[in-house]
Amino acid sequence: MKAASPLYGVMAEFDDPASLVAATERAYREGYRCMDAYSPFPIEALHAALGSRPTRLPLIVLIGGITGCIGGYLLQYWTSVVAYPLNIGGKPFHSWPAFIPVTFECTILVAALSAVLGMLALNGLPQPYHSVFNVPRFALASRNRFFLCIEARDPRFDIDATRQFLETLNPREVTAVAD
Amino acid sequence: MPDSLQPIEDPNRAVVGAGRPPVIAPGHTFGTVTDKISAIVLTRRTPLGWYAGFGTAMLFTLLLLVSLTYLVTKGIGIWGNNVPVGWAFDITNFVWWIGIGHAGTLISAILLLLRQTWRTSINRFAEAMTLFAVACAAVFPVFHTGRPWLAYWLFPYPNTMSIWPQFRSPLIWDVFAVSTYASVSLLFWFVGLIPDLATLRDRSQSRGGRIIYGALAMGWRGSAHAWHRYETAYLLLAGLATPLVVSVHTVVSFDFAVSIIPGWHTTIFPPYFVAGAIYSGFAMVLTLAIPIRHVYDLEDFITMRHLQNMAKVMLVTGLIVAYGYMTEAFIAWYSADKFEGFVLLNRMFGPYAVFYWALILCNIVTPQLLWFKRVRTSVPTLFLISLVVNVGMWLERFVIIVLSLHRDFLPSSWGNYAPTFWDWSTLLGTIGLFVSLLFLFVRFLPMISIFEMRTILPEARVNE
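Protein chains in written order, with the working numbering: chain A, 1 to 179; chain B, 1 to 464.
No lab work stands behind these hints: they were computed from the structure.
Predicted, not measured: the structure shown is a model, and the values here were computed from it.
Misleading hints may appear alongside valid ones.
Claimed, not checked - If you anchor each label on the Cβ, the simulated ranges turn out as follows:
| # | chain 1 | residue 1 | chain 2 | residue 2 | range |
| --- | --- | --- | --- | --- | --- |
| 1 | A | Leu117 | B | Val462 | 29 to 35 Å |
| 2 | A | Pro85 | B | Leu410 | 31 to 37 Å |
| 3 | B | Tyr334 | A | Leu62 | 44 to 50 Å |
| 4 | A | Ala161 | B | Ser179 | 56 to 62 Å |
| 5 | B | Leu428 | A | Ser52 | 50 to 56 Å |
| 6 | A | Ser52 | B | Tyr70 | 31 to 37 Å |
| 7 | B | Val295 | A | Asp179 | 44 to 50 Å |
| 8 | A | Ala161 | B | Trp50 | 52 to 58 Å |
| 9 | B | Pro26 | A | Arg163 | 36 to 42 Å |
| 10 | A | Arg33 | B | Arg461 | 24 to 30 Å |
| 11 | B | Asp337 | A | Leu62 | 44 to 50 Å |
Stated by the list, open to error - Covered by chain B, per the in silico footprint, the following chain A stretches (three or more residues, Cβ under 8 Å):
| # | stretch |
| --- | --- |
| 12 | 12-20 |
| 13 | 69-79 |
| 14 | 108-122 |
Cβ atoms here follow ideal geometry from the backbone N, Cα and C, with glycine treated the same way.
Hey, can you work out the whole structure from these sequences and the hints?
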């Protein structure tokens, strides 16, 4: 271990999703909190194993949808009644049934944009650099390998103890991750 | 060992007797799925047929460019549109393309909510197909305005003329519906691609590939926190796209139903348009999936189960469309409105009767073959039926649009319509554009969602 370079954490590599989930649960019981698990596809159990709270994304999407709904309706109301009233076949300026389709489309559009942009923002993407990419074998995290990384900022982190702990979880390999 | 591997080589044979064919051939692992799909983009030699096909499609795309350039210099008088028939090939093609675009979102969103795992291997290219179909659709109304460079006037924005769009018109609803649909479909498709772009970034051998796929993947790492938010976002998008996909063709049908033209002014239009859209969309997915799985040896991933399920969806939606035709005919008689009755008789026995009967043959008679399992399991027959349905759905829109307009209330204003060379060249040109975009897509992006394929493998199960 090169003590000179600052350390991001220690990473263990596993062969299958079940070992990763088991390892994550063990690490959580051991008291580690600042850690993350990496897998080539979503594994529902991992999120619980990491002890994470549910995401706030649905709230963001709800707010986005309501904003789109009210905004879309007000746009039509203001243009048709205030800014540019036109008599169309004697219909009232405020013809609310005719405003429903556009209100609906605006609701969906803003909610969908909030879902995507909210997901990217909460995930911190785009992120051009991240320390885990310093591990060459991490390229397999997008193919068929599963990784658990305990980060150096965890209060219980100790380079040797953490490394030894990860070795007991029956990994393929344990690597130090340079920051 | 050879015994257990045999099904991979011939999944079709292995599954025919097994009752329910699998959604993925046995014997695959995370590694093989990843390698097989990403190799098409990264390492496999581009087949000669790709160059031939892309080149041919590009010729037709050039034809589109020539047609549109000529259109812009001369005006839409180069089309066959005339005074009673103000909407003709242009709007027929628009509705046809938009309809085709419906299967993509249906497969990705509605089937995701219904937990239909078989959607996994076809959703990616069905979504791509949606985007390209919507792009082709947009060409027609924009150029039909005659001044496409002023198309932005359709959107509400503060301007020096102090005017605003007229929100009581279904045509402006259409602008919002189609542009929202295009935007949400693009978001859905791109979000689905992010983890696969990360796979391509990690597996690309070339520097250029790593940079481009890396930039597009935006630093995706597959962290559990990220996956959790990702799945939430994807599910919410699916939930939002589901009513959206139903709304789009509903709004397109309002373009007709809100008017008072006989044959258009009917309440059956929204559901019947939506069913027709799904029908034509699935027909197009089959038309594309059958050659693609053959050329790229993807029979392991796009199995007979997929083809059969799509055939069943076509059969069901085809029957709903048939019900729509019957309701139209019944109401024309039952309403005792003589103009409605005349429209029906004019469709059946008027100057364009051959199109009406061809439509019935293509859309109602032919798909009845799908009741038979032997037809559903025969790939060439399915391919032919899908082509016939594509033609039939185009005829349906032609019959609805041109046949209602050319003879309306006053016989003194009747007229006929015949397409010109430029009508045909624009239609063929958009088909060329659609196919060119698809060729580029299968060459540069994973056409099957790799990460979702991993989740349906048996080894993805976590026993607790």
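We went through each hint and held it up to the structure:
1. A:Leu117 with B:Val462: 29 to 35 Å: holds (31 Å)
2. A:Pro85 with B:Leu410: 31 to 37 Å: holds (33 Å)
3. B:Tyr334 with A:Leu62: 44 to 50 Å: holds (45 Å)
4. A:Ala161 with B:Ser179: 56 to 62 Å: holds (57 Å)
5. B:Leu428 with A:Ser52: 50 to 56 Å: holds (54 Å)
6. A:Ser52 with B:Tyr70: 31 to 37 Å: violated (60 Å)
7. B:Val295 with A:Asp179: 44 to 50 Å: holds (47 Å)
8. A:Ala161 with B:Trp50: 52 to 58 Å: Between A:Ala161 and B:Trp50, where Cβ atoms are some 55 Å apart, the hint holds.
9. B:Pro26 with A:Arg163: 36 to 42 Å: Holds, at about 39 Å.
10. A:Arg33 with B:Arg461: 24 to 30 Å: holds (27 Å)
11. B:Asp337 with A:Leu62: 44 to 50 Å: For A:Leu62 against B:Asp337, whose Cβ atoms are near 46 Å apart, the range 44 to 50 Å holds.
12. 12-20: Since three or more residues must qualify, the claim that chain B covers the stretch 12-20 of chain A holds, with 3 doing so at under 8 Å.
13. 69-79: holds (count 3)
14. 108-122: The restraint on the stretch 108-122 of chain A holds, since 11 of its residues have a Cβ under 8 Å from chain B and three suffice.
Violated hint: 6 only; the structure is consistent with all others.
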